[in-house]
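Undergrad: As a plain string of letters, each chain reads:
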Amino acid sequence: MFIKSKIFVILLFGLLYNCWSQSGGPESNTVSNKWDFQAGLNNYFLAQDYLLGASLGAINSNRNLSFFTEFEIRPFKKKVLDRQGANLYYQLSELRYYLGLGAEYSLYPKDGNIGVFVQSSLLYTWGEYSGTEISAPKGSVILPKVGVVWQFNSQGLLKAGVAFLDDHIERESQLSLFIQISGIIN
Amino acid sequence: MMKLKFIACLLVLLTFISCDEECDDFCPGGPYFSDLYLFLTINNENPEVDIVIFNGRLERGDTVLTETVTGSTTFELVADRYYSVTARYKQGNKEIVAINGKELKMEENDCGCKRAKNYTMNLVLKD
Chain A
419 MFIKSKIFVI LLFGLLYNCW SQSGGPESNT VSNKWDFQAG LNNYFLAQDY
469 LLGASLGAIN SNRNLSFFTE FEIRPFKKKV LDRQGANLYY QLSELRYYLG
519 LGAEYSLYPK DGNIGVFVQS SLLYTWGEYS GTEISAPKGS VILPKVGVVW
569 QFNSQGLLKA GVAFLDDHIE RESQLSLFIQ ISGIIN
Chain B
3 MMKLKFIACL LVLLTFISCD EECDDFCPGG PYFSDLYLFL TINNENPEVD
53 IVIFNGRLER GDTVLTETVT GSTTFELVAD RYYSVTARYK QGNKEIVAIN
103 GKELKMEEND CGCKRAKNYT MNLVLKD
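Order-wise, the sequence lines are chains A and B. Be aware that the first sequence starts at 419, since it is given in this note's numbering, and climbs by one per residue. Be aware that the second sequence starts at 3, since it is given in this note's numbering, and climbs by one per residue.
Worth flagging that the hints you see were computed from the coordinates, not collected in a lab. Just so you know, not all the hints are guaranteed correct.
Stated by the list, open to error - Cβ-Cβ distance ranges computed for the label pairs, FRET-style:
| # | chain 1 | residue 1 | chain 2 | residue 2 | range |
| --- | --- | --- | --- | --- | --- |
| 1 | B | D37 | A | V564 | 45 to 51 angstroms |
| 2 | A | W453 | B | G114 | 36 to 42 angstroms |
| 3 | A | A476 | B | D26 | 36 to 42 angstroms |
| 4 | B | E61 | A | V564 | 42 to 48 angstroms |
C-beta atoms are modelled at their ideal positions from N, C-alpha and C, and glycine is treated no differently.
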């Protein structure tokens, strides 16, 4: 799982570098290299699950590229079943956290303020069960996202899309609705 | 006359903005007790449920009390401690032990005295 994650991240950053080069490149004089601070509030709506979190990072609005760190938390205890024997199950109350790094490339039509984005993060997830020392699953996960971005003013962005959270946790679906509101501080 | 009315109004106002509770010189000593309300599933398969409350985590095995209950129940426990609770259910041919835990914390009142907070704990069977 970890090797797959590393390959994915190398490919992702290769793709982002390619996008960056095509949108001006490091030698270009026409595209600004100015990076601004960006902060966002993240929401993931999963099947019988929900994650709330924040992103902090840097954005180059002219290249439509951003790099960020993100932290997500499930703000409630989720009930999970853990098989202990042939017919014996523990119903555990799980808290879960995610922390990692990500990158995003967005594309806008000429003079438009609604575009599309592709984003991916490499996260480390861990958890804990209330009332017991049984260890909860942990490990690295990839979180790719794709969706629509609306730049509603010069400093505000609203994103809505689909995320695929393959964290090996029992769910009806790994797909989630992703909504993020973020601000750019120039 | 106007002056008297003004003073009366001022007194009424002061009554409303003064402290709600009068503070004693000393705070009452412990031990302090919290109410822990357990949410449980009671159905045809589980008309009564076996509850075990542990001091600390389950693995420590420090049993505080064992009881069979027929509905969601409140237990009075010594505050400022972490408790784990198990509820044993039947579901078809499965046996499910619901486990949860919580620290019953203290808080300070307006007089700066400690008091125990009350808590709830969810041990309802998963859908």
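Undergrad: For each hint, tell me whether it holds in the structure or not.
TA: Verification of the supplied hints:
| no. | hint | in the structure |
| --- | --- | --- |
| 1 | D37/B / V564/A: 45 to 51 angstroms | 49 angstroms, holds |
| 2 | W453/A / G114/B: 36 to 42 angstroms | 49 angstroms, violated |
| 3 | A476/A / D26/B: 36 to 42 angstroms | 57 angstroms, violated |
| 4 | E61/B / V564/A: 42 to 48 angstroms | 44 angstroms, holds |
Hint compliance for this structure: hints 2 and 3 are broken, all remaining hints hold.
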